[in-house]
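**Q** Here's the letter readout for the chains.
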Amino acid sequence: GESVGLHLPTLSVQEGDNSIINCAYSNSASDYFIWYKQESGKGPQFIIDIRSNMDKRQGQRVTVLLNKTVKHLSLQIAATQPGDSAVYFCAENTIKAAGNKLTFGGGTRVLVKP
Amino acid sequence: EAGVAQSPRYKIIEKRQSVAFWCNPISGHATLYWYQQILGQGPKLLIQFQNNGVVDDSQLPKDRFSAERLKGVDSTLKIQPAKLEDSAVYLCASSLGGWAGAYNEQFFGPGTRLTVL
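In the order they appear, the protein sequences are chains A and B.
Numbering-wise, the first sequence is residues 8 to 121 according to my numbering.
Numbering-wise, the second sequence is residues 31 to 147 according to my numbering.
It is possible that some hints are incorrect.
[To be verified] Calculated cross-link-like contacts (lysine-lysine; reagent style BS3-like; alpha-carbon spacing at most 27 Å):
id, chain 1, residue 1, chain 2, residue 2
1, A, 49, B, 45
2, A, 108, B, 101
3, A, 108, B, 74
4, B, 113, A, 49
5, A, 78, A, 108
6, B, 113, A, 75
7, B, 74, A, 78
8, A, 108, A, 63
9, B, 101, A, 75
10, A, 108, A, 49
11, A, 103, B, 74
12, A, 49, B, 108
13, B, 108, B, 74
14, B, 41, B, 108
15, A, 103, B, 41
16, B, 108, A, 108
17, B, 92, A, 108
18, A, 75, A, 49
19, B, 74, A, 49
20, B, 113, A, 103
Calculated from the structure, these hints are not laboratory results.
If we strip away everything but chain B, and leave its shape as in the complex, we get (with noise of 0.2 Å):
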């Protein structure tokens, strides 16, 4: 079975500037992530989505990030404009979900590495 995948895998950037990261899920999961991991630190939720809908954005920094994810599928994670602090591994992860009121184990992909000079 494949993972969830991600890239780019590795971003440099310029403070100020835009970056967008694309994840695609495990076929058949409804529930994405996208998380938020500095250096040295658990991963920390910025967006979950069930299918095409925001289920909890409450730690998304707004002014700057955005999230999609259209079809119910891919989804795109957007920085713009990137500060200093944005520095981190933006992980993406998947769930079955589908039903409320349910454990559903979490799968992540690799990240993405994103440093802002």
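So that you can see chain A by itself, here it is in the shape it has in the complex (with noise of 0.2 Å):
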């Protein structure tokens, strides 16, 4: 069926380096796609999301880029803090008439080293 996933499942960078978290998707009918940090002990929080008709979209410190061409999605951080250090999920969000659904990848953890 229809699914989201990530390549890594754990990414360990250096406080003040820049983060790339890489998401495929299957499903070229979604509307949105969404980034989502989820902490210890808390539910997802939504950081950025991307129309898919665009293909960058900046946030603060952080930018997500769509390329539909090969179904990939990636999510950057810049200048990684230890607050970064998270689980990140990537999720399609498709638009119907009696709402919205939203499909979630398997998540990379991110590990801030100081």
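Now that you have both chains on their own, put them together as the hints suggest.
**A** Structural data, given as structure tokens:
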């Protein structure tokens, strides 16, 4: 069936360096792609989203890139900080008449080394 | 603004027992979701409500799981009887919803961690 997945289960990064988290998706009909951050004991927290007709979107220290040709999504975190240590999920959002449906991938753990 | 509230935060039961989880969404949010998150995996949608009606329950194991949102606000998710494989975090989320064909951000609660022994 349709799925969203991640290439790397764990990413170790030095504090201050940039992080790149990758995600492959298979449903070309998704309307939005979203990145969530999940810290231990907490629910997923929205980071940034990108509409399917866009290639790039920037937020505060984060940039999401969407390559529809190869069905690839990435999240770039600039100047990674210890507080960025968490599990990151990409998710695809499909807008239907009855509401939005969110499908998550398996997650990448980011460990920030001081 | 208060976020999505869930209780209890932790629950330990033996297999074949029953358990119930409670969720209070963000005020004014018409759409409510229950997700199951097994350790190391992304959340999986179990059921979606629009006000007090079920929109999608295609992935809910209906032989043992049930959920309701009687007054269109709070919701409960029940498992009866529980199996070992039900050990997971159960997340509740809500979104504004209320109209079809529009993008609505989902806001997640802290979840309930269920351990079935």
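**Q** For every hint, state whether the structure bears it out.
**A** Hints versus structure:
| no. | hint | in the structure |
| --- | --- | --- |
| 1 | A:49 x B:45 | 25 Å, holds |
| 2 | A:108 x B:101 | 23 Å, holds |
| 3 | A:108 x B:74 | 11 Å, holds |
| 4 | B:113 x A:49 | 24 Å, holds |
| 5 | A:78 x A:108 | 19 Å, holds |
| 6 | B:113 x A:75 | 41 Å, violated |
| 7 | B:74 x A:78 | 21 Å, holds |
| 8 | A:108 x A:63 | 22 Å, holds |
| 9 | B:101 x A:75 | 42 Å, violated |
| 10 | A:108 x A:49 | 21 Å, holds |
| 11 | A:103 x B:74 | 18 Å, holds |
| 12 | A:49 x B:108 | 21 Å, holds |
| 13 | B:108 x B:74 | 16 Å, holds |
| 14 | B:41 x B:108 | 13 Å, holds |
| 15 | A:103 x B:41 | 34 Å, violated |
| 16 | B:108 x A:108 | 22 Å, holds |
| 17 | B:92 x A:108 | 20 Å, holds |
| 18 | A:75 x A:49 | 31 Å, violated |
| 19 | B:74 x A:49 | 16 Å, holds |
| 20 | B:113 x A:103 | 33 Å, violated |
Against the hints set out earlier in the document, violations occur for numbers 6, 9, 15, 18, 20.
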